Amino acid sequence: MFCLLLPLSLWWLIITAVFGVKAEIAASARTFQVFYLLLFGSVAIRLLQMTRLRKADYSALFSGYFLLLLSGVFWYGLGFSGTFELGKGESFSRYQSVRGPKWGAPPLLPVTLASAPSQNFGKTVIFVDGKLKEMPAEGRIFWKWFSFRYLGESMAPFLLIDEAIGEEDKAGFVRLPLEKEQPPYFTFGTLPHRFYLSLPVKGKPVKNGVTPDALRIKIMRGKINVLTKDVKLGEIVRFEGHSLRFENGAPWVRLEVKDLRAWYLFFSGVFMTVAGCGLILSRRKKITTDV
Amino acid sequence: MGISKVKLPLIFCAAFIGALLAFDRPVITFVCLKNGIGLKAEEESIKNALKLYNGCFQDFYASGGLHAKLDEFPAVKPIKHELFRDIGFLADNQRVMVYDSADQKIQKLTLLAPGKVEVEVFEEWNYLYQKSVDRKPFTKVRGFGQGFRYRLQQVKGRWLVTEWEPFDAKEPVNQNEFYF
Chain A
1 MFCLLLPLSL WWLIITAVFG VKAEIAASAR TFQVFYLLLF GSVAIRLLQM
51 TRLRKADYSA LFSGYFLLLL SGVFWYGLGF SGTFELGKGE SFSRYQSVRG
101 PKWGAPPLLP VTLASAPSQN FGKTVIFVDG KLKEMPAEGR IFWKWFSFRY
151 LGESMAPFLL IDEAIGEEDK AGFVRLPLEK EQPPYFTFGT LPHRFYLSLP
201 VKGKPVKNGV TPDALRIKIM RGKINVLTKD VKLGEIVRFE GHSLRFENGA
251 PWVRLEVKDL RAWYLFFSGV FMTVAGCGLI LSRRKKITTD V
Chain B
1 MGISKVKLPL IFCAAFIGAL LAFDRPVITF VCLKNGIGLK AEEESIKNAL
51 KLYNGCFQDF YASGGLHAKL DEFPAVKPIK HELFRDIGFL ADNQRVMVYD
101 SADQKIQKLT LLAPGKVEVE VFEEWNYLYQ KSVDRKPFTK VRGFGQGFRY
151 RLQQVKGRWL VTEWEPFDAK EPVNQNEFYF
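Note that the protein sequences, when read in sequence, are chains A and B.
Here the first sequence stands for residues 1 to 291, numbered as in our numbering.
Here the second sequence stands for residues 1 to 180, numbered as in our numbering.
Keep in mind that the hints were calculated from the coordinates and are not lab data.
Incorrect hints may have been included.
[Said to hold, decoys possible] Here are the simulated lysine-lysine pairs, DSS-like style, with alpha carbons at most 30 angstroms apart: (1) K22/A x K156/B; (2) K218/A x K116/B; (3) K218/A x K140/B; (4) K22/A x K108/B; (5) K229/A x K131/B; (6) K108/B x K223/A; (7) K116/B x K180/A; (8) K102/A x K34/B; (9) K88/A x K133/A; (10) K22/A x K47/B; (11) K223/A x K136/B; (12) K218/A x K34/B; (13) K77/B x K170/A; (14) K223/A x K69/B; (15) K180/A x K202/A; (16) K180/A x K34/B; (17) K47/B x K80/B; (18) K108/B x K47/B; (19) K116/B x K22/A; (20) K123/A x K133/A; (21) K218/A x K77/B; (22) K170/B x K218/A; (23) K229/A x K80/B; (24) K170/B x K34/B; (25) K34/B x K22/A; (26) K108/B x K229/A; (27) K102/A x K131/B; (28) K223/A x K131/B; (29) K156/B x K77/B; (30) K7/B x K69/B.
All figures in this text were calculated on a predicted structure; none of them were measured in a lab.
Whenever a hint applies, use it, and build me the whole structure from the sequences.
Printed below as a string of structure tokens:
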């Protein structure tokens, strides 16, 4: 086992500590993964041997190693963390950003937003698997092996395109970015334009839960900036044969979800390793004392 | 016994290094690039990919959407679709747009992961609109300078643009730095 552990540890240390590369990239090397699996297998075999021999101390130690290595598998390949956004009454449908899992797809979460903090005295209320849960601004809530955290609230004004020119209109809620975030772009129907919505550079501070009086609308087509304008609520803006205006919208919140299985396994592994070491040491001490 | 205790771990370490060199070239390359080894050459190939991207971009618009350079165009499908949606939009309005790239300066290059980079470029462009029927210009030549943030991914040895985003960038003061 030492022969497998040595190159793994050296690679990990040199790549992350000396070369400053992310741990995730160090673990993405196929050689690392093969050696890791071999080590995992050999630990599993030793654990089985010790269990058959009914050596409780070594069984505890090897089950500790086994859990620690398993936590690595979950951290790299099966675990994930992500963010998602919900309006009032909206159920989870997709992740806004997601890291992992490398093997498989992130789960669809049974989460629905009951109310945003601006509507409920600073607390986010969500339905998780049919059960109502209140989430304080700085706190977390737990469900199964997931933790949920509130990241922020903003507004989603209602945007109407082409309504003013009598063509078939396109409309929808468009989420404004959270404070200090770059606005993401969105597209409408078959239009080639990219729309960016944000708060005006010099505007009044906006209260959560209230549609701002004005928005900065930037429209790009190809590399051309077609329009950048501060538009008032209800004002009609015309661009390249199309029209646009925004009306009162609804609040939305961004939540973060983390898969905690890797952490549970890691702490269980540490506990079992310490317990195993403790048992081995106490047994040796006992033998020494008896002699 | 003593020698084998030393030898065996060394053999495993050597096998590990050998396997890394044989099967994990992208990771090794990334570590080298991150520490400045071979970075110049990689920067050059990324610059060339962006040059080709903008070159094809110009040609697609100027030709009113001819597909001749579609395979050469270093971009992923969604980018190609977006571009041709725009050319279609112009065609529906009996217009052709002629872009001319005046200058491109790379301001920042960030290595994100093996085979993935983000590049911030300040670009200067001139453009005008022509009528599709007779290709007579119906606007004056206009120009603009704009920062673009590109994400590129290496696919089968080629750098492809996977995302682009405009950003507010100041025109670089040092003309020679990153100039190409």
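Now the hints, each set against the structure:
1. K22/A x K156/B: Status holds; Cα separation ~24 angstroms.
2. K218/A x K116/B: holds (28 angstroms)
3. K218/A x K140/B: holds (23 angstroms)
4. K22/A x K108/B: holds (20 angstroms)
5. K229/A x K131/B: holds (28 angstroms)
6. K108/B x K223/A: holds (19 angstroms)
7. K116/B x K180/A: Roughly 26 angstroms separates the two Cα atoms, so the pair holds.
8. K102/A x K34/B: Within the cut-off at roughly 23 angstroms; holds.
9. K88/A x K133/A: holds (14 angstroms)
10. K22/A x K47/B: Holds. K22/A to K47/B sits at ~25 angstroms (cutoff 30 angstroms).
11. K223/A x K136/B: Cα-Cα ~22 angstroms, so holds.
12. K218/A x K34/B: violated (35 angstroms)
13. K77/B x K170/A: Since the Cα atoms of K77/B and K170/A sit roughly 25 angstroms apart, the hinted pair holds (cutoff 30 angstroms).
14. K223/A x K69/B: Holds - the C-alpha atoms of K69/B and K223/A are around 19 angstroms apart, at most 30 angstroms.
15. K180/A x K202/A: holds (14 angstroms)
16. K180/A x K34/B: Holds, at roughly 29 angstroms.
17. K47/B x K80/B: Roughly 19 angstroms separates the two Cα atoms, so the pair holds.
18. K108/B x K47/B: Status holds; Cα separation ~11 angstroms.
19. K116/B x K22/A: holds (14 angstroms)
20. K123/A x K133/A: Holds, because 10 angstroms separates the two Cα atoms, which is no more than 30 angstroms.
21. K218/A x K77/B: holds (25 angstroms)
22. K170/B x K218/A: holds (18 angstroms)
23. K229/A x K80/B: holds (28 angstroms)
24. K170/B x K34/B: holds (26 angstroms)
25. K34/B x K22/A: holds (11 angstroms)
26. K108/B x K229/A: Measuring from Cα to Cα gives roughly 28 angstroms; hence the hint holds.
27. K102/A x K131/B: violated (50 angstroms)
28. K223/A x K131/B: Distance ~20 angstroms between K223/A and K131/B Cα, so the pair holds.
29. K156/B x K77/B: holds (16 angstroms)
30. K7/B x K69/B: Distance ~57 angstroms between K7/B and K69/B Cα, so the pair is violated.
In the structure shown, a violation is registered for the earlier hints numbered 12, 27, 30, in ascending order.
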